[in-house]
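Start from the sequences and build out the full structure, keeping to the hints where you can.
Chain order of the listed sequences is A and B.
When we follow UniProt numbering, the leftmost residue of the first sequence carries the number 1, and every step to the right adds one.
When we follow UniProt numbering, the leftmost residue of the second sequence carries the number 1, and every step to the right adds one.
Quick caveat, the hints were computed from the structure, so don't treat them as lab data.
Because the structure is a prediction, the values reported are computed rather than measured.
Possibly wrong hints are sitting among the right ones.
[Stated by the list, open to error] Some chain B residues flagged as far from chain A (calculated, every beta-carbon gap over 10 Å):
1. His51
2. Asn61
3. Ile86
4. Arg105
5. Tyr120
6. Pro123
7. Thr147
8. Glu162
9. Ile211
10. Val222
11. Asn244
12. Glu246
13. Lys247
14. Lys248
[What the hints assert, rightly or not] Here are the simulated lysine-lysine pairs, DSSO-like style, with alpha carbons at most 27 Å apart:
15. Lys75/B / Lys362/A
16. Lys432/A / Lys389/A
17. Lys278/A / Lys389/A
18. Lys102/B / Lys362/A
19. Lys391/A / Lys150/B
20. Lys102/B / Lys75/B
21. Lys150/B / Lys440/A
Beta carbons: idealized from backbone N, C-alpha and C, even for Gly.
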Amino acid sequence: MAPVTPSIRHFSLCLRCVRQLPTANGTPRRTLSTSAAAREEVQTQPSTPAPPVPPPSDDTTLTPSTTSQVIPDFMQKWGTLDPQTVENKKQERRLLRREHVQPVGSRRRRAVLRRSALQKATEVPFEQLPYQCFQEARKFLLEDRQEKIKDIETQQLRIRNLMDQDPAVSGGPAAKESRLRSMRKHFNELIILADINDPVVKRKFEDGQGDMNKPIYRYLADQKWRQYKRLVLEQRLTQMNVVPDLLPTLDIVADIDLGFGRKSVAPGDFVLSTISEKMPRLNVQIFTPGERLVTILVVDADVPDLESDSFTYRCHFVASNIPLSPTRTSIPLQRIAQEDAKSEDVSAKKIAIPWVSPWAHKGAPYHRLAILVFEQKDAQPLDITKVGKTKRENFNVRSFVDKHKLSAITATLFRTQWDESMAGVMERAGLKDQIAVELKRRRVEPLPHKRRTERMR
Amino acid sequence: MLLPRILAPVCASLQATSKLAAPSKHVLDALRAANGTITSAPTLALTSIRHASHQSQGRANGAKDGPGKRLGAKKSGGEFVIPGNIIFRQRGTAWFPGENCKFGRDHCIYAVESGYVRYYRDPNLHPKRQYIGVALEKDHNLPYATTRAKPRRLGMVAVVNEVDAGDVRVVVPVDGSEGVGVEGGVKEKDKTAKVLTMGRGYAYREANWQIGRTAERMNVQVKQFVPGDRWTAWKRSQARIQANEEKKKLRNAGKKGGAKKKQVRRNVA
Chain A
1 MAPVTPSIRH FSLCLRCVRQ LPTANGTPRR TLSTSAAARE EVQTQPSTPA
51 PPVPPPSDDT TLTPSTTSQV IPDFMQKWGT LDPQTVENKK QERRLLRREH
101 VQPVGSRRRR AVLRRSALQK ATEVPFEQLP YQCFQEARKF LLEDRQEKIK
151 DIETQQLRIR NLMDQDPAVS GGPAAKESRL RSMRKHFNEL IILADINDPV
201 VKRKFEDGQG DMNKPIYRYL ADQKWRQYKR LVLEQRLTQM NVVPDLLPTL
251 DIVADIDLGF GRKSVAPGDF VLSTISEKMP RLNVQIFTPG ERLVTILVVD
301 ADVPDLESDS FTYRCHFVAS NIPLSPTRTS IPLQRIAQED AKSEDVSAKK
351 IAIPWVSPWA HKGAPYHRLA ILVFEQKDAQ PLDITKVGKT KRENFNVRSF
401 VDKHKLSAIT ATLFRTQWDE SMAGVMERAG LKDQIAVELK RRRVEPLPHK
451 RRTERMR
Chain B
1 MLLPRILAPV CASLQATSKL AAPSKHVLDA LRAANGTITS APTLALTSIR
51 HASHQSQGRA NGAKDGPGKR LGAKKSGGEF VIPGNIIFRQ RGTAWFPGEN
101 CKFGRDHCIY AVESGYVRYY RDPNLHPKRQ YIGVALEKDH NLPYATTRAK
151 PRRLGMVAVV NEVDAGDVRV VVPVDGSEGV GVEGGVKEKD KTAKVLTMGR
201 GYAYREANWQ IGRTAERMNV QVKQFVPGDR WTAWKRSQAR IQANEEKKKL
251 RNAGKKGGAK KKQVRRNVA
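Here it is in structure tokens:
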């Protein structure tokens, strides 16, 4: 056990909000899609109604090879580290390093938990805290919740009745459909409203322990994403003209994280050519229920075309039939490629066009490499061999989308340009003849306004 | 003589006021009574003159009529421009730069691509602003459609560099013998050779990491630093102080005369 540390300093540190450590240190970031089951919970069971939990998605095809790594001796000396009670920075760092787990909640809360554990104080469950105002408020919220649940039941009944109704009675099938749609929308709103005021739900969400199978946590995550991250992504995509250049329009409905190896890449960042030689890893969080198949497309939108004095597009990578759901967010392309290489069956493969490392000529303007995620129609798998026939050069995203009946759900991009290591990257990619080519600005002839003519003399 | 038309109200008023006031013999008084403006005292002459409180001429009002600044359009719509051509000169931002145009430092608008000038509005971008753009082709209209890929021009030519694969390196032997040669790459592992690479300012210099490892290359042995070893620290500081004093003596050796400055003695323990 770590020694008991002086608390005053740590409390003053805690008063500032403790920021979650960034993902750069190679640990899996706490995502919302996984609820920590193993951790003991101080509180009682949440009062959420728990809509039918779908069976856990079979991650057997893509599960990481969980090799039990041998913990070195010096790490074992650190003693037990509980993510609920680690209190100072050092211990948090050690927890990340050894157990690859992020600490839970604020440092202030962890300090209190630890102190009460040390003093062997009786742990009062959150809902039974002995504050009168708190209890009154809880009572009020519970009443409101009962009301909402009653509303949900009636709405359910109404929907069922309407579905049984003859379309002729309800004014035609179109009118019936539209009524059903609006009723379902209201039903979903009620489900959210029933839980939105629950302090336990709020706490679990803020701790990153929300279960993305439940609508309330999906809703909260969506709201949070829309408040900042989506705005940034949308701005980058429009300012760097991904949207009119590659796709006519794009309504981003899924959160996307891009990274190469350990390094996460903000949308629009410049990535060194050696780093982007390997395939990126993606994390796509969707906020609507259900399993679906997606196609990933990586396109270079700035390939210089010297003949037409313009730019064309080049396809760098296509992978199809990748399963995605609210709880299944990770798309490790490296691992997918490894599994593809192992599998004998051609139709079971996922990568239609393998990765080509992004490259740029010396002196050329920067290349935008857009990563587009498309949802396949009706979650139907695509024929990989057919997709694989797509030509890399002079690639056209619009026709590709039309041909395979795809709809874009999200996109991100990174940029690449000539750097010191580009020559090596191009040599390895089999582009040795292109290394020596340098692009230079063409001289523009001045306008012939000032030329003296015969008449002017 | 008064006309009967004027006289008639006068007579009427005389009749009306005759009961209240003594009948006036003066016609003017009667007229005043008829108008209802009976003043007891005769009015004073109220003639006011407005003096100039602000000088209307001269330099006080500033020069209003300076030389013209030659503002306005330098290129009209549809005219061909090349990069750098100024299209519009203005004070403030009556016009904004649109496609393939930029603001100059005085808000003048100049072209960054060669093409044809267009004056247009773009309600999708801003509801009120008016823009000046350069269309790349003669038949293009601005603004471009928001759902189509924007036409762009590369404006570059490909040049094949003769020296391929990597940077030019100049190998300079450290011992000073001549033999500054340009090589494609350094093959021999001569640790004492300085490898000069062309840096950013076109100057041949050692890379920073190589400068940092000079001591290692030269086998310089450094005593290990022991934190808290005051004895060594004291010895070294004494040596430094003495060296400084020696230096000062040497500096002052040439000087003669002048008042001797009071020496600040360091406490040499």
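Inset, instruction - Take a quick look at Lys247/B and tell me if its Cβ sits farther than 10 Å from every Cβ on chain A, holds or violated. - result: holds, 45 Å
Legend entry - Given as non-interface: Ile211/B, which should sit over 10 Å from chain A by C-beta: Consistent with the label, Ile211/B stays out of reach of chain A, its closest Cβ about 18 Å off (over 10 Å).
Inset, instruction - Sort out whether Lys75/B lies within 27 Å of Lys102/B, counting only the CA atoms. - result: holds, 15 Å
Legend entry - Outside-interface status for Glu246/B - nearest CB in chain A farther than 10 Å: Its Cβ never comes within 10 Å of chain A, the nearest being 49 Å, so this holds.
Legend entry - Given as non-interface: Pro123/B, partner chain A, CB spacing beyond 10 Å: For Pro123/B, whose nearest Cβ neighbour in chain A is about 16 Å away, the distance exceeds 10 Å, so it holds.
Legend entry - Distance rule for Glu162/B, whose beta carbon must clear each one in chain A by more than 10 Å: violated, 8 Å
Legend entry - Agreement of Lys391/A and Lys150/B with the hint, judged by alpha carbon distance not exceeding 27 Å: holds, 23 Å
Legend entry - Restraint status (C-alpha distance of Lys432/A to Lys389/A at most 27 Å): holds, 25 Å
Inset, instruction - Take a quick look at Ile86/B and tell me if its Cβ sits farther than 10 Å from every Cβ on chain A, holds or violated. - result: The claim stands: Ile86/B keeps its Cβ more than 10 Å from every Cβ of chain A (closest is about 12 Å).
Inset, instruction - Taking the shortest Cβ-to-Cβ distance between His51/B and chain A, state whether it exceeds 10 Å. - result: holds, 59 Å
Inset, instruction - Decide if the proposed pair is consistent with the structure: Lys75/B and Lys362/A, CA atoms, cutoff 27 Å inclusive. - result: Given pair Lys75/B, Lys362/A is violated - Cα atoms ~35 Å apart, limit 27 Å.
Legend entry - Check on Asn244/B being off the interface with chain A, judged by Cβ distance over 10 Å: At roughly 43 Å from the nearest Cβ of chain A, Asn244/B sits farther out than 10 Å, so the non-interface label holds.
Checked against the numbered hints above, the structure violates hints 7, 8 and 15; every other hint is satisfied.
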